[in-house]
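**Q** Heads up: the sequence lines are chains P, S, V and F, in that order. Residues in the first sequence are numbered from 21 upward in steps of one, following the numbering used here. Residues in the second sequence are numbered from 21 upward in steps of one, following the numbering used here. Residues in the third sequence are numbered from 1326 upward in steps of one, following the numbering used here. Residues in the fourth sequence are numbered from 1326 upward in steps of one, following the numbering used here.
Source of the hints: derived by calculation from the structure; they are not laboratory data. Computed from a prediction, not measured in an experiment: that's the story for all the values here. One or more of the hints may lead you astray.
Pairs of lysine-lysine, DSS-like flavour, derived with a Cα cap of 30 Å [said to hold, decoys possible]:
hint, chain 1, residue 1, chain 2, residue 2
1, S, Lys338, F, Lys1532
2, P, Lys375, V, Lys1374
3, F, Lys1515, F, Lys1532
Which residues of chain P face chain V? A few of them, derived with a C-beta cut under 7 Å, are [unchecked claim]:
hint, residue
4, Asn172
5, Asp287
6, Leu361
7, Ser405
8, Ala407
9, Pro409
For every residue, glycine included, the Cβ atom is placed at its ideal position computed from N, Cα and C.
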Amino acid sequence: MSTYTSVTPEDRRQMLAEIGVTSIEDLFAEIPAALRLDRPLALDAGLSEVEVFQELRALAARNVSTEDELSFLGAGMYDHYIPALVDSIIERSEFLTPYTPYQPEISQGGLQVMFEYQTAISELTGLPVSNASVYEGPSAVAAAGYIAKHTNSRTRFVVSRGVHPHARETLRTMSHGWGMEVVEAPLHDGATELPELDDTVSAVIIQQPNFLGAIEDVPALTAAAHDAGALAICSCDAHSLAILKPPGECGVDIAVGEGQPLGNRLDFGGPSFGFFATTEALIRRIPGRIAGETRDLDGRRGFVLTLQTREQHIRREKATSNICTAQALNALAGVIYLSWLGRRGFVELAELMLKRTAYARERLRAVDGVELVHEHPVFRELAVSLAAPVDRVVERCRRLGINPGLPLGRDYPEHEDALLVAITERRTREDIDRLAEALGGAVAAERPALQETHA
Amino acid sequence: MSTYTSVTPEDRRQMLAEIGVTSIEDLFAEIPAALRLDRPLALDAGLSEVEVFQELRALAARNVSTEDELSFLGAGMYDHYIPALVDSIIERSEFLTPYTPYQPEISQGGLQVMFEYQTAISELTGLPVSNASVYEGPSAVAAAGYIAKHTNSRTRFVVSRGVHPHARETLRTMSHGWGMEVVEAPLHDGATELPELDDTVSAVIIQQPNFLGAIEDVPALTAAAHDAGALAICSCDAHSLAILKPPGECGVDIAVGEGQPLGNRLDFGGPSFGFFATTEALIRRIPGRIAGETRDLDGRRGFVLTLQTREQHIRREKATSNICTAQALNALAGVIYLSWLGRRGFVELAELMLKRTAYARERLRAVDGVELVHEHPVFRELAVSLAAPVDRVVERCRRLGINPGLPLGRDYPEHEDALLVAITERRTREDIDRLAEALGGAVAAERPALQETHA
Amino acid sequence: MIAYTEDQPTIYERSKPGRRAFVAPALDVPDHEVSELVPAALLREHEAKLPEISEPELVRHYNRLSRRNFDLDSGFYPLGSCTMKHNPKLHERVAALPGNAALHPLQDPRRAQGALELMWRLQHALGEIAGLPHVSLQPSAGSHGELAGVLLTRAFHEDHGQQRTKVLTPDTAHGTNPATVTMAGYEVVKVGSDADGNVDLDDLRAKADEEVACLMLTNPSTLGLFDHGIDEIARIVHDVGATLYYDGANLNAIMGISRPGDMGFDIVHFNLHKTFTQPHGGGGPGAGPIAVSDRIEPYLPRPQVVRREETDGSCFYDLDYDRPKSIGRLRGFQGNYGVFVRSYAYIRSLGAEGLREVSETAVLNANYLMARLRREGVLQYLPAAYERLCMHEFVLCGTPMKRELKIRTLDLAKRLLDFGVHPPTVYFPLIVDEAMLVEPTETETKETLDRFAETLAAILREAQEDPEVARGAPYTTPVRRLDEAGAARKPVLRQPL
Amino acid sequence: MIAYTEDQPTIYERSKPGRRAFVAPALDVPDHEVSELVPAALLREHEAKLPEISEPELVRHYNRLSRRNFDLDSGFYPLGSCTMKHNPKLHERVAALPGNAALHPLQDPRRAQGALELMWRLQHALGEIAGLPHVSLQPSAGSHGELAGVLLTRAFHEDHGQQRTKVLTPDTAHGTNPATVTMAGYEVVKVGSDADGNVDLDDLRAKADEEVACLMLTNPSTLGLFDHGIDEIARIVHDVGATLYYDGANLNAIMGISRPGDMGFDIVHFNLHKTFTQPHGGGGPGAGPIAVSDRIEPYLPRPQVVRREETDGSCFYDLDYDRPKSIGRLRGFQGNYGVFVRSYAYIRSLGAEGLREVSETAVLNANYLMARLRREGVLQYLPAAYERLCMHEFVLCGTPMKRELKIRTLDLAKRLLDFGVHPPTVYFPLIVDEAMLVEPTETETKETLDRFAETLAAILREAQEDPEVARGAPYTTPVRRLDEAGAARKPVLRQPL
Ligand SMILES: Cc1ncc(COP(=O)(O)O)c(C=O)c1O
Ligand SMILES: Cc1ncc(COP(=O)(O)O)c(C=O)c1O
């Protein structure tokens, strides 16, 4: 059994004496005897460090990671390269171990990072105000909805079917508590088609590019929302912000998104961070921590957590959100990553992805039995439908060491044999060619009708 | 192509102007034109970080590491578990990036580490003086020989055949420059048998346990050396010092050893460190950096590099050694590792290895076709001879995911079909049982004579 | 004490046109004008003004900033309610294994068996520790777990045909509790505390009616006290058909000693970033799994990690989406898996015995520190808010200090900064005037506790001589006291570029 | 500036009986008394007094110590002759890949093809950079490479039936050069420098005779100057049948621009921990590969990494032990492979163009800094030792400063510490009085160079006012000037326990 305690048997003796009790048990006298557990917890015995390491290594070895196969999985989290300097900085105990910066005088490092992060997110989104992070992407969508509800006290959210299924479901979970109704706007040929919007609509919620990879006409969608007096909420792919018109310039009131692609590991889904930016008008409704610039007694610049009267520890039941611990370290990774890319690099990387995705689209559509789900412009991801059962195609690809993407059937029954294929800078032209060949071969082998006629 | 420079094109323009030249080429005017390379270096074009990472990952994947097979390789470097805190500390840039501490006021961290390290090595070896590290084990043996030569101006080293073959060869390489003769003392039944020693013998050099794993009678060997007026030099296995009589108490004048097992990676053989400890008598002959305690102007304790008049930068051709850059970071890993083990843990770990090795010896000797090379007590390693061609046995084991140890034939032709098998705390009883079974099966399958008679 | 006391420019102030760290991989596909691929109207016209900086400067910038942070690996951090215990380095190593760190969340469960098994085992362990059999790992932090818990309560009542409207929270509750109640669409009703720091049972009885959906309780409470009336509280709450919610922020006091489930709680959240060693990261990430009783189980978030039997009797682990009564998702994917790895490694390292030792030592350290403060005379100026054995933390009340020494708890806290100690939590819980909530945790040495007691005593002596010293503190930190009011009045939330 | 200015106890002073971090895995084999397994006479009687400490305290101890170090990732480090360039973080990542870090050195070459191929490619790249075709990676550092080089020289001469006795080293040579000569069993003969900082050709001619085995030269020299007479030097040395050895510590100035092999050198060592970014680690590890000409090749250390052809035409990489004329081994195994990985990654990242850009920028930065110092008036007190274009570094001479301002170069260096800058190398090379050797490296920004120039100027102005300030410096460091003489007089080299 390992131990991280620092009290020796002799210490313990002295400490009990100082307290004036004779045993450790005495310290728990305040717990009613009937509530004291009269047996050890039914857990395996503790292990030494080397044993725990071996066990966890063995478990991890039973996962097929993006290092083990050529993976085209995306759908919200992406296998981007994380520069080594991100790891080396965020592993510094000075960033890794402190609590939320409640004592600003000894937390200037973390607070300045938040300020720099907010600046970056504001630049990316074209919106003036960013908080210091929320949990992650899908719950950020719901958090944005919560603001809308409080801003205009209307009763319905209109959410595009192009918004990530997890975000839609999270919104629904939360909306139930708030007594809000969630209405889905369908996709037409892969792009959002808004229904008639009336004055019950609190917010219109869209995603850019949408879940099927299509670049939406965000300005048109936000205009429609605003015409109905609703807020426009957009969940944005972070990298796409390098080349797509920023939400702030498209009329979006609240831009949110998943931060994982910005320097955070896949980690089987978390921890990552959600970004959250909005207009000046909504500044006092924003959830979570915000760092602000100020001066110290000597007039030197410093940073503090600010606008805290929004927050739970001050405002309690009247707070704009219940969030407390958020994702500071992940947001730090985000701002380091963005600074590493830099002004030009951010664009260059996005353009590389755009061009590779365009290549992939042409390459895949040329494969017999593979069709595009839609013809809208795409940035980093595309949906293709297959002329064969998707699960069997996937299985065949895997045998070649390729994970061809996410089968869409569970979330989009209308695209039963479709795949969502994601491209990052780690997927080269050669990789895309391998995918095309594998898919072609697998579809040919699994294509039921054709197989028969050809046979 | 990556770049780590920080000069922008505009900077360059301004800088050239400040210097008063018009082009970068002008700066190289002092190099005779005929010596200026008139073509680019014939190297592959530079790559981006992600590309370099992918390429190096692909190379690394072509190595079979101790994470990939059950390895019983040892023979000087051992697959010990390195606690995670070692990595997390030595990766701190404050330890990773500074130069040798030439400015003690801003290097107290590194200097105190050296002082702590020297204390630990002195405790382990039972010798009062340790330096702050030398390159690694085998060259440390030669460095010790160099001291002996200068101390008594004699002309021959007697080195046990039980000393690591790399150390013996390094000693020979260096001795040639010094005009010293190297004489080998044979092993008898696995233990060192010294020849008659006369007054030409500068030092007797032994290893504990010796290369075949045998625990030598060090006190007897050092006594013989001293009787002939020679110095006694012993290369020690670091972990064995937890339970074996320390060299200082055995009469050893200079104790050296390979530091890798103390918290350093295998790294295909380096970098690691060599430890080097000796008596007060030899203090001013010791090679390399030494940290010493002192006081600052205000009377506060501090540490400095000391006894520098031994060293090349002061004494130049009269220096006791030419060593400059040594292995500070590796020695830091060593002292963290030792502190992690702690006073009791160091012994507990050594005892665990001792008992597992004893178990392995019993388990292997019971295997048909496997015999012990010697019957001396062993600590962490044992030599067994096989009744079948060792290379073919090894090949069979590998197919079962087992690397059964080092074939001894290259270094010890007298043990042609023998294997040196190393045990660490990472090799469990179950692993040893697997080895025994694999060896048994492989020997049975490859045993030429028996095969025929049985067939 | 901390380095880099000179002002540090921001990363934007270090930017210079033409510098770069990143280099893009070569274009290996046909080139196109961007506007051929995306309609011009949807394209960005101006680049985001990210910094332009080389790798060496980027590294230095964040390295220097890091030195302007106080951290747990450098000093004592007795921040009450936050359980600033040592974060074992092993955990970072195992979390970083590619099989964990590079595992895509949408990988087929059949190809993520190690991860799912780890989650399943963690669920099991947390359930055993809480004494409640069903666990969802999904919530991202404590307050997210609270929200899950209250939404589960709602689902439970609605499933039983009830529309309740109120949730009770004690006046000692952490701010997230009432904030959560509002976010889940309930009204907050505050319950008072009695003179001993327990829930005021009379007030509870008066407020517990059929409109009440839930009581959210922290036990040991935020006062560091185990509620004497816990049995009775459970009875009252259950008698009106409400659920009992356990805020697990203080679980570090009772692991292996007493279990919320056995106390009658229906729902518990864990703060893996407190009790189970996930490093705090300067404000996250964390994870807030919940454990629930049988009657709450049907409503747990989706998907659940389950173990299924194959036809051949072997097992595999899967994600179960087929949960018709589920409240649904609370976030994307399967929760903060990276945090789960660390917490699982912790539980695996310690085992039952080790976890109990944790709680025993945490409580020992807290009571010892209180005793030492008494001996140093500190309690004379900052008496314990309640004269009882504390659990893993305790609250001091700075009122006498303020009156007699003319320094506030805030001043004391700020002066501690000059001694290289992170101050305890101050001004919380709200019901104690000039409160200071001290949580030493089990990983600290007796020597550290002794030094802390002596330091507090020294500061009080200093204040007897001259209270201005503390009132002007800190002096040795990278910046001195900051104008927080000014920051809020005219918020500067980003750098103008 | 750096943190933790309060004294830090040693790890032994933090020890307390009964504390521990390590826990041994359970004994899974039959237990025995230790004395049953090892004769009692060979057993240790008293435990080594290693510290007893818990993991949290162990981490804190070394973390705090780390903050008492100045490092390259925090500030400017223009330490002449040491090439303190940025250490890319990628290199640590690739070195740590298990296929590298956990590769046993005695693994069968057939199962270590990635490592051997990497070494082979690195050999090739280093050979191309040096302009010499054959490379051994074995030496552990620069001075180890020097030793290899001089032993190769010996082997070469002996193989040609010659017993030479002397090796020439210029008076500007680094101390390792003459020390190496002695260790290799030769006599050192010092060659003077001329007024321009070049090797004094007359002196060289006078000393170059048939007894001379080798001339060891650094070019650019330790003065930061490219030797104008390099052609003539090579001729003189070769004419007497001696070898020409290149100390590669200053290779950072000329990569892709000029090659030692083309200058006539027979043997070159590289400091991978200077030019090729291996972090210095506070005094190692490094690596000192050597590149040699055809005539030296037969004597290279054993084993060599080679590429062999299979019968089917494919290639594999192997360790070649069959080198009958080899000088033998210089150390265990195959050299500092972990260093090779980092340096190979560096070369692979930069390519030919990038390496040339490195040298161009290194030389640009040095000349710019010298120009800036001139503009700031610094050269008035510390003139450049030689009025020439410098290469990647330059030497200033503090004599006028000492005379006029009454402060020594040492004082200037110590005062720099208070400004958060690592001082340049001082009192080396020996031939310049009050020398200060400044090497900015290519990874620094113009702003950093500007600030450094201004800081030096400010210190000199301060000294004009009051030289005592510099003479008493530093003031802001964890300790002030230390009694080095006392330390050497009564050495305390370990803690008594
Ligand atoms: C008592 C209590 N409850 C709830 C929380 C909220 O937890 P989290 O920050 O993980 O959301 C905290 C955190 O400080 C707490 O102390
Ligand atoms: C010119 C010169 N030569 C040789 C060396 C020795 O190199 P190493 O420290 O790698 O042994 C140095 C190191 O400072 C040097 O500057």
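**Q** Compare the distance between the alpha carbons of S:Lys338 and F:Lys1532 with 30 Å, and conclude whether the hinted pair is satisfied.
**A** holds (20 Å)
**Q** Does F:Lys1515 pair with F:Lys1532 here, judged by a C-alpha cut-off of 30 Å?
**A** holds (9 Å)
**Q** Quick check on the hint: P:Asp287 CB to chain V CB, less than 7 Å?
**A** holds (4 Å)
**Q** With chain V as the partner, please determine if P:Asn172 meets the hint condition of a C-beta pair closer than 7 Å.
**A** violated (17 Å)
**Q** Need the status of pair P:Lys375, V:Lys1374: alpha-carbon distance at most 30 Å?
**A** holds (23 Å)
**Q** Does the nearest C-beta of chain V fall within a distance shorter than 7 Å of the C-beta of P:Ser405?
**A** violated (18 Å)
**Q** Does P:Ala407 pass the interface check with chain V, least Cβ-Cβ distance below 7 Å?
**A** violated (22 Å)
**Q** When the nearest CB of chain V is found for P:Leu361, is that gap smaller than 7 Å?
**A** It holds, given that the least Cβ distance between P:Leu361 and chain V is near 5 Å, below 7 Å.
**Q** With 7 Å as the cut and Cβ atoms as the points, is P:Pro409 at the interface with chain V?
**A** With a closest approach of 15 Å, the P:Pro409 hint is violated.
Hint check: violations occur at hints 4, 7, 8, 9; the rest are consistent with the structure.
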